[in-house]
Amino acid sequence: MPHCIMLIRHAEKPRPGHDGVDDAGKPDDLSLSVAGWRRAGAMAPYFASLAGSVHARSLCRPEHIFAARATSMHPSTRPRDTVRPLADVLDLPVDERWSHEDPADRFAETLRNFEVPVLVCWRHDELPGLARAILRDSGVPGTWPDDRFDLTWSIRRNDEGWTFLQLPQLLLAGDRVEVIGNDQRQSTD
Numbered sequence: 085m086p087h088c089i090m091l092i093r094h095a096e097k098p099r100p101g102h103d104g105v106d107d108a109g110k111p112d113d114l115s116l117s118v119a120g121w122r123r124a125g126a127m128a129p130y131f132a133s134l135a136g137s138v139h140a141r142s143l144c145r146p147e148h149i150f151a152a153r154a155t156s157m158h159p160s161t162r163p164r165d166t167v168r169p170l171a172d173v174l175d176l177p178v179d180e181r182w183s184h185e186d187p188a189d190r191f192a193e194t195l196r197n198f199e200v201p202v203l204v205c206w207r208h209d210e211l212p213g214l215a216r217a218i219l220r221d222s223g224v225p226g227t228w229p230d231d232r233f234d235l236t237w238s239i240r241r242n243d244e245g246w247t248f249l250q251l252p253q254l255l256l257a258g259d260r261v262e263v264i265g266n267d268q269r270q271s272t273d
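No gaps in the numbering here: position 150 of the sequence shown is 234 in this note's numbering, and each next residue is one more.
Treat the hints loosely; a few may be bogus.
Claimed, not checked - Derived EDC-like pairs: lysine to aspartate or glutamate, alpha-carbon spacing no greater than 16 angstroms straight-line:
1. K97 <-> D231
2. K97 <-> D112
3. K97 <-> D113
4. K97 <-> D107
5. K97 <-> D189
6. K97 <-> D209
FYI, nobody ran anything at the bench for these hints, they're computed from the structure.
Given the sequences, and given the hints that come with them, work out the whole structure.
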């Protein structure tokens, strides 16, 4: 089986002036919005069942799940909250050993060395740098737009090397088919 690393942004967060909620429905601005919890729930069958059939060439059923660790700078639990329903279905722990404070190249090296399919839920502003560090390439969009929660980035290694693909999740009403375009590429100047 080709090596498979899947990157997702945490699910929808509360808009300014709107409350987030925890998994019990109690107010928690550091957690997801109601839409975010819907996406988190929809990702469980997306990765647990559909990955190997509908998207067999692009996605894999994860055997290890990482979520960005909360820090004093980013105290949100959204990355963990996003993957917890999937982790529960797959009976996997959520690995929170890494955060934005850790060097991206060290985390990328850890991911490249995994022998099983890996899912990483991260903060959107850090995802392009992490993808570039994994690929050792700048062929990924330079930014992840603030309003996009509906994509999966698939990075796979086969006999020819590493490949990068963007996949629209299409899990919730309003999810877009378009991927992040070339106008979102980071300048290499």
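Hints, verified against the model:
no.	hint	in the structure
1	K97 <-> D231	10 angstroms, holds
2	K97 <-> D112	11 angstroms, holds
3	K97 <-> D113	8 angstroms, holds
4	K97 <-> D107	13 angstroms, holds
5	K97 <-> D189	27 angstroms, violated
6	K97 <-> D209	14 angstroms, holds
The structure is inconsistent with hint 5 alone, although it conforms to all the rest.
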